[in-house]
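J.: Here is how the chains run, residue by residue.
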Amino acid sequence: MTRPITANRGLTRRHALSLGATTALASPFIGRAWASTTEITMLAWYGHGEPDIVGAFEEANNVKFVPKYYAGGDNMLALIAQSPPGTYDVILSDAEFVQQLNAAGYIEPLDAGDYPFDDMLHEDFTKFPGHWSGDTLFSLMVRFGHLGVSYNTTAISAEEAQSYACFWKPEIQGKLGHFDWHLPSLGMMSLYDGNGAGLWDLDDAKWEKVQATTMSLRPQVGGYFDYGGTFNSLKNGEMQAMCGIGDWITGVLQKDGAPVASVVPKEGGIQWTESYCIGKGSEKADLVKTFMQYMLSPEGQVKSAQMAAYPGFAITKAGRAALNAADPKEAERTGQVDGMDNDPITLIREGRIHYRDIPKQQTLEDWNDFWSEYKNA
Amino acid sequence: MSGGSGGSGRGFALTLRVPLIVWQGLFFVGPLLFMIAMSFFLVKNYRMEEAFELKNWARMLSRGYVWDSYWLTMGLAALNAAVASLIAFPAAYALAFRASETVRRWAIFMLIIPFFTSYIVRTFSWYVILAEAGPINAALGGIGLGPFTMLNTPFGTLVGYLTLTLPLVVIIQTVTLANIDPRLVQAAANLGCPPLRAVRAVILPAARTGLIVAALFAFILSFGDFVAPYYLGGSKPPTLPILIIDTTKSGQQWPRAAVVAVIMMGTLITIAFTALWLAYRRVR
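Which chain is which? The protein sequence lines are A and B, in order.
The numbers in the working numbering rise by one with no breaks, and the one at position 229 of the first sequence is 229.
The numbers in the working numbering rise by one with no breaks, and the one at position 7 of the second sequence is 7.
Calculated directly from the structure, the hints in this document are not laboratory data.
For every residue, glycine included, the Cβ atom is placed at its ideal position computed from N, Cα and C.
Just so you know, not all the hints are guaranteed correct.
Which chain A residues face chain B? A few, computed with CB under 7 Å, are given here [claimed, not checked]: (1) N75; (2) L77; (3) P219; (4) G222; (5) N236; (6) G237; (7) E238; (8) Q362; (9) D366; (10) F370; (11) S372; (12) E373; (13) K375; (14) N376.
Extracted from the complex, chain B is given alone in its bound form (with noise of 0.2 Å):
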């Protein structure tokens, strides 16, 4: 009986996804809706106290350094997704196309190996090498270059980012163009179409939806981020996430943070939508 098989199959569909569902409930949606409604809250003597106003939103949005600080972490966090995304590619492209599958294998391993140390450990590794009295600007002394200031500026935030999200870009562009058929990329050589030009026509179309995604990892971990923009940026200017820290630092000003956190939440989901559709609307 079709009907009734096709009927059990959706039950044991249904049972599968109640536990992401329950998770994302639990564990996404409730604490979500709860920093929604702790914007609205009020502090007093250092204690949060339940109420629903408006004025932790319009202090908020009413201040310069706030929207100083969102357009700084939106810049960083895209150009990180663009420098990511753009390192990533040769070496994604070698391992895809090039490389063998053993190659291949180990060199995801090896992606992946960094995974497995502190965030935080790698960041402070990062003060030590970008310093000034560091082995980069020995090297470039060397040669009668620098000392070039690499710590406490944008740069240095963006190696922080770069360290926390480049090794998954390279893994997501390799596993998608390890799925392009390589036959593709012969027959377009056969056509006579030369290399750079088969990346562009054949390749970039193809793997576009594993590339947007890859791009948008970055972007969402880099907008997030605390430690890079922190410790290898100075804080100079505070992204975000510093501004957080800061305003639940001041005062226990949490509903304050939460709005904070709300925006970047509303800015996240719209970027994320809108990358999806990108990635996976039709190309005439």
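Bound conformation, chain A alone (with noise of 0.2 Å):
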């Protein structure tokens, strides 16, 4: 007669040991399950491969994404150069740093028509500028945001946040914060000094003057954050107005209630860009391409452009059509509803948006060294 084991009677030493012996003998069918999923190595912006973006291709294909996180393209592409080649399958990439990459050879090529460029939204994501090689494709752009004033709607007006101006207005001294990259913030100086579509291709005069610019900005400076500083700062009023960033953060925070918006001022604004590439070496190529069709195919852009961590817009027609069905709020608040005055892609249409790049005059080392000037000064 078997003891059933109870709550009262507790775990005896016999029935422990039985358990025991049920898993070692168990174990290699277990060993097994885990062996038959397989890892995908991604190098990415914190969110990418998080449960509410690749969930659901995990559970449909048996894989697991195994992340790793970087912040800006100087660190992607340092992290890259300290890796033998394989180390990641699927990178992400700020479309700026694509050129880099290839010509570094990181990447592998794509071919072209195993994803939907006859669906794109605007003309220019068919062919991204650095993403083909002659006719050789080699990165993928999934997503886009723009950058622009970001600010609390209680300290400044939307008709102040028109202009870049508003980051000097008087109330908000040592209210202002920086996203601590050089890139977007140097970008946006530029574009206050009027440099418009050249405001990469600074001259040695254009250059002085933006650096001038960002210097006489440094009084207002409350601080400069990482990714969670951004947004802690900006949730807890302690900045009111952020520069360097655009709806990626107060998209996410709008949506818990906080008093904040981000508009593209009329001097322009800035278009970051996320591309998927396929690195270098990788064992898994095809599982990686079938992941960028699905991120490229209507339930992916949805889901890229509700991530959690931080709201992208979505690039395809029919992406947008299923954002505007899955969630209109959603796409309406971001004007990703055709006809809308702040629609993205009309924006783009008006020349009002320019695609962040790198300084094309200067080193990224000029730019970089001035940020810690600045920073210190």
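Make one complex out of these two single chains by using the hints.
T.: Put into structure tokens, the structure is as follows:
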């Protein structure tokens, strides 16, 4: 007669031993089940390997993403340079760094026929700068967003936010934050200086002017923040405006009810663009291709637009339609509805948006050097 | 045979020292030498290449912002050491001379408890407390004061540094003061010495070594801390540890970051030896 294990009696030594033996006998099968799950290594900005984005794909394809997160293109290039080929199966890169990835031989070519290039919302997205080498595709744009004036609506009016000049508003002295990366902040200063489409192509005189303009902003600055710090300081009201960001931060806070917003000011805004690449030497290129196709599918585009870490705009017509059907509130909040004034595609067509790039006449080092000086001023 | 036993005793002592020597060699001297060597390497296309060039040193030493960060870090760390020592002393005095053995033991246990939790978590809790909409400003607002900006200021950095170092300083000071013969203090009192003068003339000289070592620990820990100046000071302006992070983030410039790190190590070693000399020198 077997004796049941009851709560009162507790676990007897015999039962414990039999449980242990069962576990030991079953472990090879458990191990085999785990082994059949394929791991895909990912190098990306924070959030791209989280369950809200990859969970459904993981379940459907019996894969597991192992993400390594970075902040900033320099950081990404450095991480790849330190790693042997094949370390990362999929790399999410800022578009402006794709060319360097390709030049250094860190990524595999793609077959353009595998992806829905005939469904892009804007013609630029089919041949995005730096993504092709001749007729060979190396990187696939997956989402984008716009950077401009991000502000607390109780401190800065919507009208004031129509110009970067609001960053110098005396009332917010010590309350202006910077996302701690030189490229977007200095790009905005270049736009404020009137460099327009030539914001990255600065001769010595223009570069000096951008530095002087930036330095004049220093008394306003309350801090330089990483991703988490940017969120917190805007959320708790410590910072009432933020230079170098856009809806990718304020959108998340807005959904939480914080009185913040982002707009593209009259001087123009900057577009961040994120693109997928297959890492050189990846043994799972086919799986990664399937994942990239998934992310460009209507379902993937909706997930990207609703991403918990930071939202991004859909790039395909089918993706936008799916977003409008699945989450009309978010589509409207972000202007992703045909005919809206702040439709990101309309803003690009009006010439108000400039794709983020790297400096043309200076090195990244020059810009970073100045950024360090600025932080210490 | 005394000579033989003395020899085996020395051998035994040497054997006991070997693990420490190996440990220090592997995990302190080795990495330190590599860091010094790395400061002469070059970076090309985000990849570090072995070289022996002075370019990184010339570049970093000629940059004004490096020296600004240096003096700022020195100043903040020195201020923290002084403030931590001053705040800790009354508490340590009370625990050493006024509290019972049981109370002292519990107090020291309570001072150790913060080390059970992550320093970053403790720092982020300050983020909420010091915010303009946080409880301190709310309390001050109740009596018509404020709001005061405490986050993203040197004050915020100092609060973070104290979170890291104050418990340790109190513990070291308490142990030091508890080892002073209380009869010395009683004798001073019996001879008519007022309490404050007894502290200055009897306790401080007797506790000099421990007090200096406690301050030195506070200085060293805050000098190398990245968390407090970044999250509570708003990286404004950056201290040397932030500068190291900035430098590595920018184009994989680990060699230049190594230059800053070597400067920091040199500074800390100089200050540590000076402090220890002050602590242990004989005073006439």
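J.: Against this structure, judge whether each hint is valid.
T.: Evaluated hints:
Of the supplied interface hints, the one on N75 (chain A) holds, with its beta-carbon coming within about 5 Å of a beta-carbon of chain B, less than 7 Å. Of the supplied interface hints, the one on L77 (chain A) holds, with its beta-carbon coming within about 5 Å of a beta-carbon of chain B, less than 7 Å. The interface hint given for P219 (chain A) is broken, as the beta carbon of that residue sits about 11 Å from the closest beta carbon of chain B, more than 7 Å. For the restraint placing G222 (chain A) at the interface with chain B, the shortest Cβ-Cβ distance is roughly 5 Å, inside the 7 Å limit, so the hint holds.
The beta carbon of N236 (chain A) comes within 5 Å of a beta carbon in chain B, closer than 7 Å, and the hint placing it at the interface holds. Below 7 Å, beta-carbon pairs count as interface contacts, and G237 (chain A) has one with chain B at about 6 Å; its hint therefore holds. A least Cβ separation of about 5 Å between E238 (chain A) and chain B falls short of the 7 Å threshold, and the interface hint therefore holds. About 13 Å separates the beta-carbon of Q362 (chain A) from the nearest beta-carbon of chain B, more than 7 Å, and the hint is not met.
For D366 (chain A), the suggested interface contact is broken, since its CB lies about 11 Å from the closest CB of chain B, more than 7 Å. Look at F370 (chain A): its Cβ only gets to about 10 Å from chain B, farther than 7 Å, so that hint breaks. Below 7 Å, beta-carbon pairs count as interface contacts, and S372 (chain A) has one with chain B at about 5 Å; its hint therefore holds. For E373 (chain A), the suggested interface contact is upheld, since its CB lies about 5 Å from the closest CB of chain B, less than 7 Å.
For the restraint placing K375 (chain A) at the interface with chain B, the shortest Cβ-Cβ distance is roughly 5 Å, inside the 7 Å limit, so the hint holds. A least Cβ separation of about 4 Å between N376 (chain A) and chain B falls short of the 7 Å threshold, and the interface hint therefore holds.
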